[in-house]
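Participant: With these hints in hand, go ahead and build the complete structure from the sequences.
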Amino acid sequence: MRETGKASALHTVPPIALRRRITDHVMTGAAVLTVILVLVPLFAIFAYLVYRGVGSINWAFLTQTPKPVGEAGGGMANAIVGSAFILALASILGVPIGVGAGIYLAEYGRNRFGDVIRFIADVLNGVPSIVIGIVAYAIVVLAQGHFSALAGGVALAIMMIPTITRTTEEMLLLVPRALREAAYGLGIPRWRTTLSITLRTATSGVITGIMLAFARVAGETAPLLFTALGNQFWNLKVNEPTAALPLQIYTYALSPYDEWHRQAWAGAFVLIILIVTAVAAVRFAVRRGTFGAA
Amino acid sequence: MAFSALPRPHMPAPQPVEATKVSDFRPAGKQAAPRLPAARGETGDRIFKLAMLLCGLAVLATLVVIVYELVLGSAPSWHAFGFKFFAGHDWDPVNEQFGAMPFIYGTLVSSFLALLIAVPLAIGVAVFTTEMCPVALRGPLSFFVELLAAIPSVVYGLWAIFVLIPILTNYVGPFLARTLGWTRLFDGPFYGVSMLAAGIILAIMIIPIISSITREVLMVVPQHQREAALALGATRWEMIWVGVLRNARAGIMGGIILGLGRALGETMAVTMVIGNNPQIVKSLFAPGYTMASVLANEFSEATGNIHRASLIEIGLALFLVTIAVNALARLLVWTVTRGQSASAHA
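Sequences listed follow chains A and B, in order.
Residue numbering for the first sequence follows our numbering, beginning at 193 and increasing consecutively.
Residue numbering for the second sequence follows our numbering, beginning at 87 and increasing consecutively.
Derived from the structure by calculation, the hints contain no laboratory data.
All values reported here derive from a predicted model rather than from experimental measurement.
Ideal Cβ placement from N, Cα and C applies to all residues, glycine included.
Some clues are possibly wrong.
[What the hints assert, rightly or not] Estimated spans, in silico, between C-beta atoms of each pair:
1) B:Pro206 x A:Phe476: 45 to 53 Å
2) B:Arg335 x A:Ala222: 15 to 23 Å
3) B:Gly267 x A:Ala335: 48 to 56 Å
4) A:Ser447 x B:Tyr257: 50 to 58 Å
5) B:Asn383 x A:Val224: 20 to 28 Å
6) B:Lys170 x A:Ile284: 39 to 47 Å
7) A:Pro448 x B:Ala161: 37 to 45 Å
8) A:Ile284 x B:Pro275: 47 to 55 Å
9) A:Leu229 x B:Arg270: 23 to 31 Å
10) A:Leu229 x B:Gly267: 21 to 29 Å
11) B:Thr389 x A:Ile284: 14 to 22 Å
12) A:Gln256 x B:Tyr257: 34 to 42 Å
13) B:Thr389 x A:Gln256: 31 to 39 Å
14) A:Gly221 x B:Leu266: 20 to 28 Å
Facilitator: Structure below.
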């Protein structure tokens, strides 16, 4: 402990000036204050979300499609399923490419070209989601001629890939070199070693990365605005516009109807529950994970 | 298990192994190699490496496709307006006159307002968690702060509409007008949806990014820097200021710039609270408009070719700015955490 009081008790050390001690205490207080100021909105958001969400959620909300304007009742069942559908499409497209790129960087990418890919992945991470929406619109919607779940899936997949790539690479690099060498020593080809030894050892970490990417895109609205578009009805066709939970929350939040505001809160509550569950699962998995990394 | 029912496999007694060519082990030309099983592995290796390389190239291709589509899509607007596009003040889809200045202004002002609020708070939290708080509190505290990052943007927007804006109009707005009215920054009627609301919600959203990067950077400052400062008789704050913050400033700057990148591109929450009015007004009480918001609001309903191209050009500008900002931030963070196993995820 850094006890300044004890130092002043020793006669050989001059006492610390009052001004310096006051500064120390003031700055400590300021740091505590910042923590409080940051945690207040966090708790305010969660408390209000739970308060409004729990009050608004009911069986109809989870099982019915939206009612026309003015009619009470109805729900977001189609949006919940639609979100799951779009996220599944995004994962099918994004996870293999992301993991593959991560493997490339970890196993073959210790060179200039690898550095370029690494840097691009980091930079892609920061591209605004709305810009990715425009690109998905240009390459899928314009090509198909209409809005679709696939376009939404492509947009979200583009957002997932950089995160998955970088975490997969980091996790693979944590696997001890000796393990790979032991496999080579047994005459196992390099690709088998990578898949069955290295990747397998790092599984929990790689899954962590995938879940983080998943949680990040699960709440994305901007890239879906002009790709998946939204839909008042059920849809599980890849080529049709599809409802998504964040889109529905956005539309309802900006509407003038109290009933829709209520449903927006219920939707936000469901969305947060899904995401927080994913994040908590990740932390749990990491704690039990092989290396306790991340 | 009853294996007796199964026909016994034909198992010949151990046969004398035919004398292989072990004896004449001398390098017998190059034919010896293909018989090793490794040869099969080599083909597999080549295929596998190629497949992984393709995945890596997909990352590269993504960037190329983004740039290509944005440049191609914005070409009509670029030919029609040139550089004047970014200086023009009019946004008039009916008469096909497009100038992006009000959006650029709105994006910059809301982002800098957010940084102004977020930076001291985020650094304070990071300093507290790494240098001051009991070890037992460290984990939960950083978990809670990072939980802020897990909340989707649209939920922030929802909360801002129904909770933040009433608080601003009822309490904060009148207070600011009374105390800081002389700066002319808080003039005019205040209806809640405003540049101020956008700045505050953005600040809440970027605090976790800045604070988690700052925390990472502070943690890689060598312990002996702290010990040396304390040994020289520094108080704890002086130790933090001289021994820690000063050493980590490049990385902290990187975190701040990363936060700026996020604020510049943030769409939904801002669109929901900024008021979406393309005007340049000094007062923070007035509604504004940002580059990302205009894309969110108008892109799917853009009628004319030139309207769409103008929107894509705004997207291109936003993309280039965020790329530059992010690249700079990564570089700064790397200069500090290089060689450490710090992962800069945002």
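Participant: Taking each numbered hint in turn, which are not upheld by the structure, reported in ascending numerical order?
Facilitator: Of the numbered hints given earlier, those the structure breaks are 1, 4, 5 and 11, listed in rising order.
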